[in-house]
Amino acid sequence: MNLFSLVLVNLGRNKLRTILTTLSVVVALFLFCTLRGVLDTLDAAIRVGSESRLVVRNAISLIFPVPLAYRDRIAAVPGVSLVSYANWFGGLDPVDPRDFYASFAVDGETYFPMYARDVEIVAASPPQAQIAMPAGVDPELAAFMAERGACVVGERLFKRKGWKLGQTINLNGTIFPGSWPYVIRAVYHAKDPAFGEESLIFHWKYLSERGMGGQGTPGWYVVQVADPERAGDITRAIDAQFENSPAQTRTETERAFQAGFISMYGNVPFLIGVIGLAVVFAILLVAANTMMMAVRERTAEVGVMKTLGFDDGTIFRLVLAEGAIITLGGGITGALLAKFLLEGFALPNNILPPMTVSWMTIGMGIGIAIVMGAASGLIPAWQARQLRIVDALRRVE
Amino acid sequence: MALVEIRSVKKVYQRGTEAVPVLDGLSLEIAQGDFVVLMGPSGSGKTTLLNLIGGVDQPSQGAVMVNGEDIGRMRPRQLARWRARNIGYIFQLYNLIPVLTAEQNVELPLLLVKMKGKERKSRAAHALGIVGLADRVRHYPRQLSGGQEQRVAIARAIVSDPRLLLADEPTGDLDRKSGEEILTLLERLNREFGKTIVMVTHDPHAAERAHRVLHLDKGVLSN
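Going line by line, the protein sequences match chains A and B.
Going by the numbering used here, the residue at position 36 of the first sequence is 36; the numbering climbs one at a time, nothing skipped.
Going by the numbering used here, the residue at position 22 of the second sequence is 22; the numbering climbs one at a time, nothing skipped.
Only chain A is shown next, with the shape it has when bound in the complex (with noise of 0.2 angstroms):
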């Protein structure tokens, strides 16, 4: 036996205790972790826009389309060296509407050169005939590139609906109506996850000639810049272009625009945060009150020990390690537990990328633990320190 022993011991005493404490402690950091997580990733999903590239979208409001005369001014902007478009589509599916996923129409032209580092297609349709390929266009496009209604969907999508390449599948239009159908042709997997796989990608002429009768006008303009240095003149150039015309624009580096996204879900993050610290404190609590009964309880036996000679300093440690170990214990399993089970899970609108929980956010909750062991075990530390043994063998004889 040793003095570490002897905090085993001691923690062995009401295992039932013991247990129900050190779980409260694991949900307390498991729901912090958890909602610092959410956190995470509305962080995550602010990285994975660029700073070289750029969105132009309406001044008034991201409703409001830009026309397509655009692309080719902004194109010979200097230092632009692609521009490509896109539209959200915002489709259900008419079989689980409840299963929402996002849907863009894009040029695909140009937006998947643009997105070349970002995704790579891991799963195609042959091509029905040879086509000549756009420049920069991964060849295993070819099959969705020959065909108006086809469309890229995400891996995560893809392996969650049980789909299969070459299946046509709908959605009901909610701002363009009806019912819309795609063949599934190619499956793209996200390089960085935070780019998200919960994606459908289809032909934006599909949607113009479709939905727009053929005078489609784009919902945003993406613009890679030559030289990331140069973005914020050449952003004031593309808004100086339209700032007397009718869809005057508003342009702002990639990264930003999904800033704009993130600050719309307003004090949200704040409250998450706030909620998260309030379980932690009131678990606090529970667990120090816990630690204060369980040396109540052994009052008496603390007056024995000093009386054998253990000084108040060594009864002081003792105490602060069983609340220590029952935090700490708790704090790393909640913080693990939240990494490991919750890494990759979908958010249930599918629309932010996959839930991340950081090591800063783990390294967080286990700071945490620390202080709450910390502050959980120093009252009744504390009470036992300064108990005078007289005091402690007179509740006993």
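Don't take each hint at face value.
What the hints assert, rightly or not - For each label pair, taking beta carbons as the anchor points, the in silico distance ranges come out as: (1) A:383 - B:143: 30 to 38 angstroms; (2) B:180 - A:27: 53 to 61 angstroms; (3) A:360 - B:145: 28 to 36 angstroms; (4) A:27 - B:134: 21 to 29 angstroms; (5) A:388 - B:192: 29 to 37 angstroms.
If you're looking for bench data, these hints aren't it; they were derived computationally from the structure.
Remember, it's a predicted structure, so these values are computed and weren't measured experimentally.
Even glycine gets a Cβ: it sits at the ideal position worked out from N, Cα and C.
Based on these hints, arrange chain B on the given structure of chain A.
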């Protein structure tokens, strides 16, 4: 030189605003190897005197010298170490730790000194052998009789080989037979191992085992 020397000790407890004197200018010497019994009515200050000798409590006035050291002047940490080395305490209700085995209870005071685990175990086994419980090392207090529990407590008191054993009514919670066994054991520790013993008791029969019987009344020695 006396092992224990108490000089004009006063002890006053504060009960709210009221000061309650317990020992009133008491002086006493106890020689090395002595077996002294403290008797007296409840509230006469027997346990308080025992606590002062054991460094468990501090006098309000006067000095308590043990083996030439003024323990009243020691700082709390220093005093705790001194207790671990010099005092073996035996309580009326044994006060064993219920979640520890007999061997672990006896080992407890040895955790405070630098000693290998093997040696600690060996010393604990030896102490349990002296009190006649070599076959009960793995037993928990709840698996022992009152007399056996008290013998484990005595093994715990002697395991660090202190010179002074302080026993506060060690037979008070035992039947006659077990009480006799404990007294015989204490006598043996005094005679064979040279332990100086100070025992508080109400039992005149137990007092017969001592070399000296001191009567306390209202905080002063009456004989």
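Now the hints, each set against the structure:
1. A:383 - B:143: 30 to 38 angstroms: The hinted range 30 to 38 angstroms holds for residue 383 (chain A) and residue 143 (chain B), with Cβ atoms some 31 angstroms apart.
2. B:180 - A:27: 53 to 61 angstroms: Cβ of residue 180 (chain B) to Cβ of residue 27 (chain A): about 57 angstroms, so the range 53 to 61 angstroms holds.
3. A:360 - B:145: 28 to 36 angstroms: At 59 angstroms between Cβs, range violated.
4. A:27 - B:134: 21 to 29 angstroms: violated (48 angstroms)
5. A:388 - B:192: 29 to 37 angstroms: Once the Cβ atoms are compared, 35 angstroms apart, the range 29 to 37 angstroms for residue 192 (chain B) and residue 388 (chain A) holds.
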